[in-house]
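Residue numbers (my numbering), protein chains in the order written: chain A, 1 to 261; chain B, 1001 to 1415.
A portion of the hints provided could be inaccurate.
[Said to hold, decoys possible] Which residues of chain A face chain B? A few of them, derived with a C-beta cut under 10 Å, are:
1. Ile75
2. Leu111
3. Ala113
4. Ile114
5. Glu125
Think of the hints as simulated: they come from the structure by calculation, not from any bench.
All C-beta atoms in this analysis are idealised placements derived from N, C-alpha and C, irrespective of residue type, glycine included.
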Amino acid sequence: MALLELHGVSKHFGGLQALASVSLDLDEGSIASLIGPNGAGKTTLFNTLTGLYRPDKGEIIFQERSLVGMKPDKITAAGISRTFQNIRLFSQMTVMENVLVGMHSRLATGLPAILLSTNRFRLQEKAARARAMELVDLTGLRGRENEWAQHLSYGDQRRLEIARALAAEPQLLLLDEPTAGMNTSEARLLMTLFKELIGKYVKAILLIEHNMRVVMGISDRVHVLDYGEKIAEGHPDEVRRNPRVIEAYLGQASWAQHAPS
Amino acid sequence: MSATQAAFGLCGYVAATCLLAFLFPQSVLAFLSFQASLLLLYYVDAPRKVKLFLGASVLFVLLPALGWLNGYYLEIAIQIGIFVALALGLNIVVGFVGLLNLGFVAFYAIGAYLWAIFGSPQANAFIPGGWFPLSPNWFFVFLLLSIAVGALTGILLGLPVLRLRGDYLAIVTLGFAEVVRALMNNLDKPINLTNGPRGISPIAKPPLFFEPLLQFIGIDVPSAMLYPLYFYFLILIMVGIIILVTRRLENSRVGRAWKAIREDEVAASAMGVPVVRMKLLGFAVGASFASAVGVLFASKQVFINPESFTFMESIGVLAMVILGGMGSVPGAILGATGVTILNLQLLKGLSLWLNGLRQSGAELVIPFLGSYSLSQLPAQFEPAKYERMVFGLILILMMIFRPQGVLPPAQERKK
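The whole structure should be built from the sequences, with the hints applied where relevant.
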């Protein structure tokens, strides 16, 4: 059964067609990649999925519910959380606090309970901290939990974004270039982490990635966007051989034809 | 220095300065060093129990006792308390949620007028029946009511300006405060609600419900002597509650959501924080603090008019928050205390001292340059009048050398 279905999702900014009738299915238990040249509309698709943009046309069905028109926080509560391409942590908050903010939609204490500091509230806070610690551990940030996010190294900041997104207990995790700026061994560590997440922490992962080794290594399915249009989809090996994909990435055919001899 | 040594040192300091302030009831310096003991308590590393005990004895016993001897000290303490409460309220909006509010005094004014109108004969002007002023017993009802009214006005202001940020929000909040002031100035016709620029008086004081008890145990004090102490303890309790509420909110999902909004609104909403609701809550909580303090202010002053709620007042409270360190509870307390002491004590003290010199007519002898009679010191040279200038200078220096404030929010300490 498909966890997420997109039917003809379109979005334009002024004259620019950022997404042109994109459809895709994402199955439970799978890792899918979204690739394409810069400006192909990958991040726009993420922003549309998470409610930052409202699609002009089309339908987004998540667990048999339409997400179109929902506010970002409601979508997070419904079970989709994300990381950002350009890291957007809460820089003057500690690592722990960053992860705890991610849990906002899962903590249900109301104002009276907080003000009276009831037992239930304190237990919930304690449990939340324990869970946050578990995620800090999982992403390899143990020992850093009381540091401000802005003082972390670049790679740690990327991992903290993942921990924060996981804190929302998502069914679907959206990762926007999670290995950008990481070296090969760091990227490989993350790949194993993503595989571990499936089934245990999330039901599916959709990731935007430029690092082809990562894409080919972990994806069950690859979707290719170019100029807002989906030009190919399939198993990594199929996509790799697809002439349209090669053209989109390298532009070789057209370039060779018009190049002066 | 070991913790026990520090504890003894603290006890000694508190006892010594208290004795000084007792022996020299007119000395500004003695009282200042006594006030500094609270700051010392915060900084020095001593056993928690000792600190709590000393802090409680200073606030609940020593300061009221000194205030009994010199009423001016209590007046200062009450003023400090009022500004601490205001600064803590504004700190929620500016420091936690990160929304620049230049019209915070409007909520303070709304609380003050709420009690002023009904706690004085003023309400008779538009509600027939001659029921007013209400009996002092209503004071506490209005204190609770003001929390609700403050929260409501906070939300009313918040709703239209939610989409604004930074400069735009600041201008709108400033406008809001001016509108509130203009209303207070002009709502004396066609129906006389606020009595306009003439202001409202006399405003009822809170009830002395404990007076029979005092008489019962044989203490018979005129109520004129009792009121300053009463107000002192009221504001102390109020500040205590405000600190507690702020602390609890800060360490809950609400406080974390506020800070997340301050840091990155888009990321916060993507993490499941309902940005609109949380911002409104921040506005409401901050405004309810200010409004409750307004009720107390009105009954303490007996007379209020729109002049007490000018734009400069908002700026003053904002400066306290910035000086102390935005987003930090100890910072807001320190900022409010420091600025109030500067205004009420230091500059006034300096003025008095200079006046004394002027009248003494002493000669200031500067070698090689001749002598200068201090009686010729121009009368315009009076530090108390330069309050704003000194203040501005301090702000400029702070922004250059310590932009994060004196006590910025500390990173969470390891447990």
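Taking the hints in turn, this is what the structure says about them:
Look at Ile75/A: its Cβ gets to within about 8 Å of chain B, closer than 10 Å, so that hint holds up. Of the supplied interface hints, the one on Leu111/A holds, with its beta-carbon coming within about 7 Å of a beta-carbon of chain B, less than 10 Å. With a cut of 10 Å, the hint placing Ala113/A at the interface with chain B holds, because the nearest CB-to-CB distance is about 9 Å. The restraint placing Ile114/A at the interface with chain B holds, with a minimum CB-CB distance near 4 Å, inside the 10 Å limit.
For Glu125/A, the shortest C-beta to C-beta distance to chain B is roughly 7 Å, which falls under 10 Å, so the interface hint holds.
Of the numbered hints listed earlier, not one is contradicted by the structure.
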